[in-house]
Structures are given as C-alpha cells and as structure tokens.
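**Student:** What follows is each chain in one-letter form.
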Amino acid sequence: MRLYATVAAGGFRRHATYRVATAAGVFTNTVFGLILSYTYIALWDERPQLGGYSMDDALAYVWIGQALITVCGLMGGGFEEELIERIRTGDIAVDLYRPVDLQTWWFSANLGRSAYQLLGRGVVPMAVGALVFDFTLPSGPGRWLAFLVAVALGSIVSFAIWYLVAMSAFWLLDGQGVLQVAWLGGLFFSGMLLPLNVFPGALGELARMLPWASMLQVPADVYLGKYAGGWELAGAYAFQGCWALVLFGAGRAAQAAATRKVVVQGG
Amino acid sequence: MVAGMWIRSTMAYRSSFALTLVTSFCVTFFDFVVILLMFGQVKGLGGFSFAEVAFLYGTTGTSFGLADLTMGSLQRMGKRVRDGSLDTFLMRPAPLLAQVAADKFALRRFGRVAQGLFVLVWALVLLDVAWTPVKVLLLPMMLVCGAVIFGAVMVLGASALFWVQDAAEVTSSFTYGGNTLLGYPPTIFAQELVRGVVYVVPLAFVNWLPALYVLGRPAPAGVPGWAAFASPLVAVVCCAVAGTAWRAGIRSYRSTGS
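Top line first, the protein sequences correspond to chains A and B.
Residue 232 in our numbering sits at position 232 of the first sequence, with consecutive numbering throughout.
Residue 523 in our numbering sits at position 256 of the second sequence, with consecutive numbering throughout.
Okay, chain A solo, but in the shape it has when bound (with noise of 0.2 Å):
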C-alpha cells in the first residue's frame, strides 16, 4: 500500500513538473470554453430548456466539459501512449519482472496525474468561465462533495478503457488504430462536443449508457443537482462504480493473457 502511495505521488509530483504545459493547457481549455459557450448561448436561444437543462445549466456543462477533459481523460488518458511504446518496444518486460501488479502500479501514477490535473487544469478554467458568465453553480458543500465523488468514479472508469486500449498493443503492437477508435469514442460519448441528453432517441439512450457517461455527463449531472434524493445519487454511482469493476475486470483478463503470451514468446 505505501509502495502504491509513493507511485501515486510521483505521478503527482512529474506533471506538476510541467509548468509551462499546464499553464498553456490552461490557455486552451478556457480558449474553448469561451467557444463553445457562445454556440451553447445561441442553441439555448433559440431552444430553452434543451435536454432539460437551462441555460445556465448548459454553461456550467461547457465548464465542467473543459475542467475535466484532462482529469477524466475525454481525450486520451494521458499515459496510455508511454504504457503502449513501452509494450512495443519490449520494455515492458522489465516491468514485468518486478514484484508489483503492472495494473495497480499504472493505476496509482494515473490517481496521482489525475489529481494534479483536477488542480492544475480544472480549477482555473471554471473559475475564469464563472467570472465571464453566470451558471449554475452548487447549492453547497455537500453538492461539490457530491460532485468530486463522480469525478473520481469518473477518471477510475477512465484509467480502466485507456488500460484495456493499451494492453491491445500486446497483440496489435501498433496501438495507433485502436487509439483512434477509442479517442473517437470518447470524444463523441462522453458527451463532450454535445451533453448526452441532448442527443436524440436511441442514440441519446444508447450514448447514456455506454462507459464514457461515467466520464462527463454523470459527473456534471451530479454537480447540476439533476439527481434528486440519495437513492438517485448512489444509482448514479452504482453506474460509475459497476463500469469501473467489469472494465478493470477485462483489463486484468488481457494483462493476464498477455503476460502467458510474453513468458512464451520470450519477450
């Protein structure tokens, strides 16, 4: 366990290392909140209470979007593409060889990103979003409590596709396609270019249930009070949680298959 903690705060400690990155990341994400909450202000217009959300609703959504795109990783994990060159160029076996669980140890330096991100390019973004527009903003401690319980669920339930999409490179070992896919799918149903519930009929069904809810939309539901009463809130969790298990579930499965598969071949 202590071993893990210091992974974790290792992780931490090399992003916080790129300050420059993460004041320029700062830079893009509010550059595109800025963007998209006026296309959101002109939908809204002409459709109030779109997917019932309202305006103000939508806009702390835009926020929300930007805050955790790299905490949940909407657009890639942020560690997939080391673990993946890693697996390519053999080195993997190196790690293999130590007397630690490859999963756990890439899980704990992810938490230690993760949590980072949430400072370093969550914060600054929403708050300068709130300076510029007025949205909705929690009722009180108990909802932003609320709210970082889902983002956390959320970037677990993140770690485990991005961990499934690498441990693909075991047998593919040009990871490039499937990391498209998985970007593209993340892009689309996290409901980052366009909340979830406002995606229409089956589409919309289909796209609320597939993992990548997990990543924005419950979160920012959360954070908007769309749950009401407790059962509502630990349904929303039990969903976050329930993905969370069956994919580090298969992930484990392919670290498994693949680990019989390098002792075979030799490495």
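Just so you know, the hints here were simulated from the structure itself, not pulled from any lab data.
Please note that the accuracy of each hint is not assured.
Ranges of calculated distance between the beta carbons of each label pair, as one might list FRET restraints [as the list claims (entries may be wrong)]:
1. Ala515(B) to Met75(A): 54 to 64 Å
2. Pro485(B) to Met209(A): 39 to 49 Å
3. Ile517(B) to Glu82(A): 29 to 39 Å
4. Pro48(A) to Arg521(B): 49 to 59 Å
By construction, the Cβ of each residue, glycine as well, lies at the ideal position given by its N, Cα and C atoms.
Since the structure of chain A is already known, use the hints to place chain B on it.
**Tutor:** Only chain B this time, still in chain A's reference frame:
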C-alpha cells in the same frame, strides 16, 4: 523528400493506412455531427441557416485541413527541441522549416481535407446564392489564403517553441480553436471576440469575411466591405511575421547537448 520518406514508410502498411485515413475522416466528421444534431433541434443558429453554417464549416475545415496536412507536424517540434533531436535536422542540407514540417508527415491528415471538402460540396448544393464571377473566384481564393493564414499561425506557434518548449498547446487554441470558431456564424459570438480575430489574430480573413460576402451578409464588427478581398494581403503579412519569428527562433536556438 522527407515527406516522401514518411509516405513510403506509411504505405508499408497499406491496410493500417486505409484504416487510419477512414478514422481520421470520422474523427473530424463527428465535429460536424454535432452541428447536425444542433440543427435537429433548431432551424437557425444566430440567424444563419443550416446551409450557411455548413458553408462556413466547409470552407474553414478545408483550409485548416490543408494547413494541418502541410504544417501540422510543427506541433511536435517542442519535443525535438527538448530532447535535442532537432540537431540532426540542422546538419542536413535542407531548410529546417521544410524538414520539421515534413517530420512524421501523416498522409492520413488528408482525411480532414476530404471531410472539409465533403461538407463544402454539401453546402454548395443546398445554398441558394446568386453566384457572380467575383463570388465564384472568391471561393478558391478563400480556401488557399485560409490555409496560408492557418499555416502561418502554426509556424508562429512553432517559433515560440524555441523558447518555451512546453507551450505547444497554446498554438492549438488558435488553430483548432480558430477552426471551431470560424465554423459558426460570427453573430453568435461576443463582439470583442470577433474584433479579436479581425485585428489581433486575423483568422476572420480565413473565411468569415469573404464567406459573408458570398452569402450576401454584412461584414461583422464594423469591418468595411472591401475587407472580403483582403485575404491575400493578410496572408502575405502573416507569412512575413511568421518567417521573421522563425528566423529569430533558429538564431536563439541552443542545443540541449543531451
């Protein structure tokens, strides 16, 4: 030549290339699906019809795609400055800019150009415009000058990487962000933002100003009407600025020595 090398290396895996080309097309197409979804809910956005928004999207998408195809690799230059592998390029007897631009030249980026053209053709079919010879000529001019302006912004951003290697993402907010911005009508944005992309970073000349003339709509932010024809001039000025910054960047370059 360097680009040719990367094309050959990509073509070694033809099926993989076909797959990435298709996904590249799809990734950009999802952008447009969002606009389709929006118009599933509303009839107009900021007073613009679907065909008009598609026209704006198609013109900027094609220009940006062309710039990305030729100059998109500049984004990764920060890494080369950081790890010192830029030195290899400096030793070769070819202009540095051409080499960096062709670095990992990805032909799959053609997917973006194809998608832009696809939407543009779609828009042209739907549009109800009284075409005049001037408007017809304005269309290719807009695509070429737009690509040059986007390309100049990319070079300018890459020049900054000589000093701040980690700041590649700032350029994205002007290129990718600008592309998103220009895909929507200027009427929906705050006037300060519109003025910013006319006078500060002249992205409005990529498509907004000429496109609004083609659509027969007034220019935004109190810009005079003749500005619709100023894109070539703006493109030349952008190139001059970017070229100066690039040379200053090379002069100040110190290898990491690692």
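**Student:** All hints, please: hold or fail.
**Tutor:** Now for the hints, and whether the structure bears them out:
Remark: the range hint 54 to 64 Å for Ala515(B) to Met75(A) is contradicted by a beta-carbon distance near 32 Å. A hinted range of 39 to 49 Å holds for the C-beta pair Pro485(B) and Met209(A), which are about 46 Å apart. Against the hinted window of 29 to 39 Å, the Cβ-Cβ separation of Ile517(B) and Glu82(A) comes to about 30 Å, which satisfies the hint. Under the hint 49 to 59 Å, the C-beta atoms of Pro48(A) and Arg521(B), about 57 Å apart, fit the expected range.
Of the numbered hints listed earlier, the single one contradicted by the structure is hint 1.
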